[in-house]
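S.K.: Here are the chains, one letter per residue:
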Amino acid sequence: MNILAFAEQRDKKLKKSAFEVVRTARTIADQTGGEVIALVIGDDVQTIAAELGGYGASKILAVQQPKLGAYSSTAYAKVIAETAKKEQAEVVLLAATAMGKDSAPRVAVKLEAGLASDCTALTVDGGHIIATRPVYAGKALTEIKITSAVKVFTLRPNVFPAGESSGTAGTVERVDIPLDESDFASFVLETTQATGTVDVAEADTIVSGGRGMKGPENFKMIEELAAVLGGAVGASRAVVDAGWRPHHEQVGQTGKTVSPSLYIAVAISGSIQHLAGMSSSKYIVAINKDKDAPIFQIADYGIVADAFDIVPAITLESKKLLGK
Amino acid sequence: MKLAVCINHVPDTAAKITLAADGKSIDKNGITFVLNPYDEYAIEECLRLKEKNTGEVIAISLGGDSHKETLRKALAMGVDKAILLKDDTPRDSFAVARALADELKTISADVIFFGKQSVDSDDAAVGIMVAEMLGLPSVSVAVKLDIENGLATAEREIEGGKEKVQTKLPAVFTAQKGLNEPRYPSLKGIMSAKSKPIEEKVPAPSSVKTEVLALRKPPSKNAGKIIGTDVSAVPELVRLLHEEAKVI
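Chains as they are written, first to last, in this note's numbering: chain R, 15 to 338; chain D, 246 to 493.
Worth flagging that the hints you see were computed from the coordinates, not collected in a lab.
Some hints here could point you the wrong way.
Straight-line Cα separation of at most 30 angstroms, DSS-like style, residue types lysine-lysine; simulated pairs [what the hints assert, rightly or not]: (1) D:409 <-> R:26; (2) R:26 <-> D:407; (3) R:303 <-> D:491; (4) D:439 <-> D:409; (5) D:261 <-> D:470; (6) D:350 <-> R:99; (7) D:409 <-> R:124; (8) R:228 <-> D:470; (9) D:413 <-> R:99; (10) D:297 <-> D:413; (11) R:124 <-> D:470; (12) R:228 <-> R:338; (13) D:389 <-> D:297; (14) R:29 <-> D:331.
Full structure from sequences and hints, please.
M.R.: Okay, here's the thing in structure tokens:
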């Protein structure tokens, strides 16, 4: 079966998740047969698209025009769905990013396809793709099969390996999908990106602070540790609700569900909502004064002590190790 | 301005999830169901738009009789009218969206709101699917909304930043935490909600496109080791993270 892999770019740069999506499409196609068609949408993206050849794309398509330089839910969904039809794709893969989650439901409706969102595993069983996806913010996992002819999946970033590029540059084919004014009923006017920070949803390392930080001013030490480790700052709901940290940093149910390689929970006791959102992290470190805090139940490594003593010491020790 | 808000009745986020005997669903015994947290922001935004522009807010929920409780909460917050699309057969996002879209077609609202996702299935798909089915533009995960002369400017959260999106009305929006501070129902609101009618309708059946094969608990993590109880444990922690876990 042919698989269409939507490879997301922003500012003419392919996202890490784009490589994950193309590689996953390749892994599936190796088992089911069929082609992997990678699709890049934007303005003048033909050059950057070539890189996808190193991740297993058998065909690379670029749909480009100036107006597509800014994301539009309606226009992007149309391009993806039309391409899927043209290429007779039975499976459409997108990353479960802000963009992928926004376009996938529209693509599914256009293709009369079932949708499995935010999948953390795809396996092939007897020619069928079985998707595993967290529900109840990760308190349970569901295995589902899409029964419609066309199937749409979005993949949680940072979970599926992108692997190394083989170095093969693919040949990029320019394709025109006619779009008119009505296809741009909604469009992005401007994008503001916080500079120098990593988003919790994409970070490989997260340092999160909880109520035990006692006040917003003390998050400086969390930020410093996150910076040294090249990671993102996260926060518990209590901290966000108190207005100490912005909502986009919130980890847990009603915040973000994350699976980084390293999650350091600082002065977070570990409510059921918080644990649901981060317990699938590969390694969890807990630092808390209370030895009975639930967070220690799921932590790989724990230090029972005052965060204010420990966090700066970890920063210092990591700096030494990393030669920073 | 005609405003519609689609709301869901879901397990409280504090609920422990246990599995039912069928191995495909959750055991609902002992679980408190509440108005989906993100839908509170959606309701609040509709109420604010109504207060600013005059109009009517209609709340719609698809589900069994238990969803009346959540519709009553919406009424208590100040929603004018509540509709229960009574159907408790299992539906996936596509089938839920189909039933809601059919109903919304008859309402012709200027603004249709959803929470950004239901905290049960976490699919984050129904609102946008409805927009597509109705041929409307949408802005998902909205944290800010301004409506001026039939044109909406909204901000949505993206990785590490925000996108400012412009859209014509009618349009669909899905609400993210941070959009507003939802009001608590007043005592007067709660009292009057009790006597307001909830209109019941039966949606047309819609076929599902997904099949749940299994539901299971995530692999449980065992508590690891406590490395120490003071700052002297730090070098060992960093060593373990570097050499054993290989994450720094």
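S.K.: Identify every previously stated hint that the structure contradicts and give their numbers, smallest first.
M.R.: 4, 11, 14
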